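S.K.: Residue numbers (full-length UniProt numbering), protein chains in the order written: chain A, 1 to 326; chain B, 1 to 393.
To be clear, the hints were calculated from the coordinates, so they are not data collected in a lab.
What you are looking at is a predicted structure, and each value in this text was computed from that prediction instead of being measured.
It cannot be assumed that every hint is accurate.
Just a few of them, taken from the derived set where beta-carbon distance is under 10 Å, the chain A residues facing chain B [to be verified]:
id, residue
1, Thr55
2, Pro58
3, Phe94
4, Asp97
5, Thr122
6, Pro123
7, Cys125
8, Glu126
9, Pro155
10, His196
11, Leu308
12, Thr312
For every residue, glycine included, the Cβ atom is placed at its ideal position computed from N, Cα and C.
Single-letter residue listing:
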Amino acid sequence: MAAAARFLLRSASSKGAVSNVSGGVHSCLGVSLVKLYPSGSSTSKSQRRNVSHFTFQPDPETTKYGPTQKMNLFQSVTSALDNTLATDPTAVIFGEDVAFGGVFRCTVGLRDKYGKDRVFNTPLCEQGIVGFGIGVAVAGATAIAEIQFADYIYPAFDQIVNEAAKYRYRSGNLFNCGNLTIRAPWGCVGHGSLYHSQSPEAFFAHCPGIKIAIPRGPVQAKGLLLSCIADQNPCIFFEPKILYRAAVDQVPTEPYTIPLSQAEILQEGSDVTLVAWGTQVHVMREVATMAQEKLGVSCELIDLQTILPWDTDTVCKFDSAQKAVK
Amino acid sequence: MQNMLTLISNVFRGTASKNGARAVVSTRSYADFTPQATFDTKKCELHRLDHGPPQQAVLTREQGLQYYRTMQTMRRMELKADQLYKQRIIRGFCHLYDGQEACAVGIEAGITREDHLITAYRTHGYTLTRGVSVKEILAELTGRRGGVTKGKGGSMHMYAKNFYGGNGIVGAQVPLGAGVALACQYQGNNKVCVTLYGDGAANQGQVFESFNMAALWKLPCIFICENNQYGMGTSAERASASTEYYKRGDYIPGIRVDGMDVLCVREATKFAADHCRSGKGPILMELQTYRYHGHSMSDPGVSYRTREEIQEVRSKSDPISMLKDRLVSHNMASVEEIKEMDIEIRKEIEDAAQFAISDPEPPLEDLCDHIFSNEGPIEVRGTNPWMKLKSRS
């Protein structure tokens, strides 16, 4: 789970303190928190799994978006895609193996419901899939491209960074591929090894022109995905694959959006801010509880949700960042 | 050999009364076998070639037994891997090669150990033919320190001398293979590089980039498309506008080969290697083959094809049965001899599996080694900023 959480030590510093903090984490707080984790040299089976342990914690049920249904993450993605195909006649979904439902069952039933001209397979060619998707989007259709695993997104890196991200800018707003959304299963799963576990959001995080969103659960997944599809910029939506079946929540059946570039404060605190996204949010939840119980440290937990452009206000605003001025 | 046959003869003499014919066969001595025979192979379809590989192959008894032994070892090794995977002793990804044995064995028979070879993720067969022992392959699958990649590579990442793996990303190995071929050309060592990919990978852009470079610079590269009809769960005709993969090289000459016949593959590989070594540039071979298992162990393999289809291929075109029938019908080996070999192979696999199960896992200190080439150990961050791990090399 590389780099999915940062400790931001509160100190009397200005809003721009975020960049300074990355190196200086050698505080006693940090050291004592390390002691809560088993050390890396233990070899017994039960302890070995601890470093990638998490427990999905569903959100309290929300009724503001209408009736809800119990869904896991891949079902919430299917629901979002279903809503999109129903309301937007130009929407098309394509990628490797999406027609039968996808290797993670995110597109089950959609081809039968909406037709084979709207949900179709592509051959094995990521660069081609994204390039093709950019073309579809530029021509006016809503393109939802699936890359089978985030680890395979690199052949398409050029298309995303050099073509999709810069289309609007270089054509002086004459053209844009805002209708493009790229979805990919993301993150470690325990047995994925080199090529089924990667979290490549950092490679894209410094590219102006695209947006990146990563949900922590089914409710956020559907909302963020629908926001990405609606957003008039090319978006990459990473879906934590380990949560596809493990995360179950009550998800509204009607379409709804969770705004992009808006982080969510999950827990208020006064001493330390924890920022996380994706699966790591649930680890951080446990950390916050442990810190409170064992160290008496009050942690503020923020789910970043959108990696690019990220919500600097929520994370660094005076109230949050400056809370622990002791 | 003589003693073994005498032993078998003694065993079977007891049952000789049951089957008169069998008694006759069992008392045959080594000198009675035909030393070599010529077999007809299927004609290969050609693309941009005036003539292709010969339609007849000479097989000696030694070669026949060697091919049989290697193919049977491969088959039993893959079935053992299947068993271990289902027992959850092997975890992660496991792509099995059974059904395609003739490809690996035939290719190796057509080149030398000094030639180079690179393939995709269905590696176990090639790892074996390139000289790695079954013990090391199975230990790598179980992730133990006795594995060929010290337990850090797993099923998809096995390597050996002149065998560059073992590549997880589809199609990524093809430009690498072209590069190895360039090195052969540059060093002037008369070697070729065999670059394998599948019917699914044939639609990757980088494959065509490699074709262009290889043809432009006349690299000694044999591109081989192992067409097992399915790219994971997608049949070839649903993914490719043209399923004539041997023609997809366009300006590169191509041959379509029966990949279930080890002799056909061998003759075609020899032909292709001669073509490359004579400086004519790259050549493309399509091996028409079939895999019995699904794409990987998490794929049952029957949701996109029928069990009848798999059964039909198994009964009509199984490469091992085909070779065995050829050897026995031409009196180049006896049924007992082959049975004896099967028993030996079974034992070898059992022993290797035992080793693979009992060997200890690599020590935790190995975890971060070989990220970089360092002089002196460097620190590597663990899963949180304060967990410092050490990379010793």
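S.K.: Now tell me, hint by hint, if it's right for this structure.
M.R.: How the hints compare with the structure:
1. Thr55: Cβ of threonine 55/A sits 17 Å from chain B, so the hint is violated.
2. Pro58: Not OK, violated: proline 58/A not within 10 Å of chain B, min 25 Å.
3. Phe94: violated, 13 Å
4. Asp97: holds, 6 Å
5. Thr122: Status holds, d = 9 Å.
6. Pro123: holds, 4 Å
7. Cys125: OK, holds: cysteine 125/A within 10 Å of chain B, min 5 Å.
8. Glu126: holds, 8 Å
9. Pro155: holds, 7 Å
10. His196: holds, 7 Å
11. Leu308: violated, 22 Å
12. Thr312: Hint violated; threonine 312/A Cβ to chain B Cβ min 22 Å, cut 10 Å.
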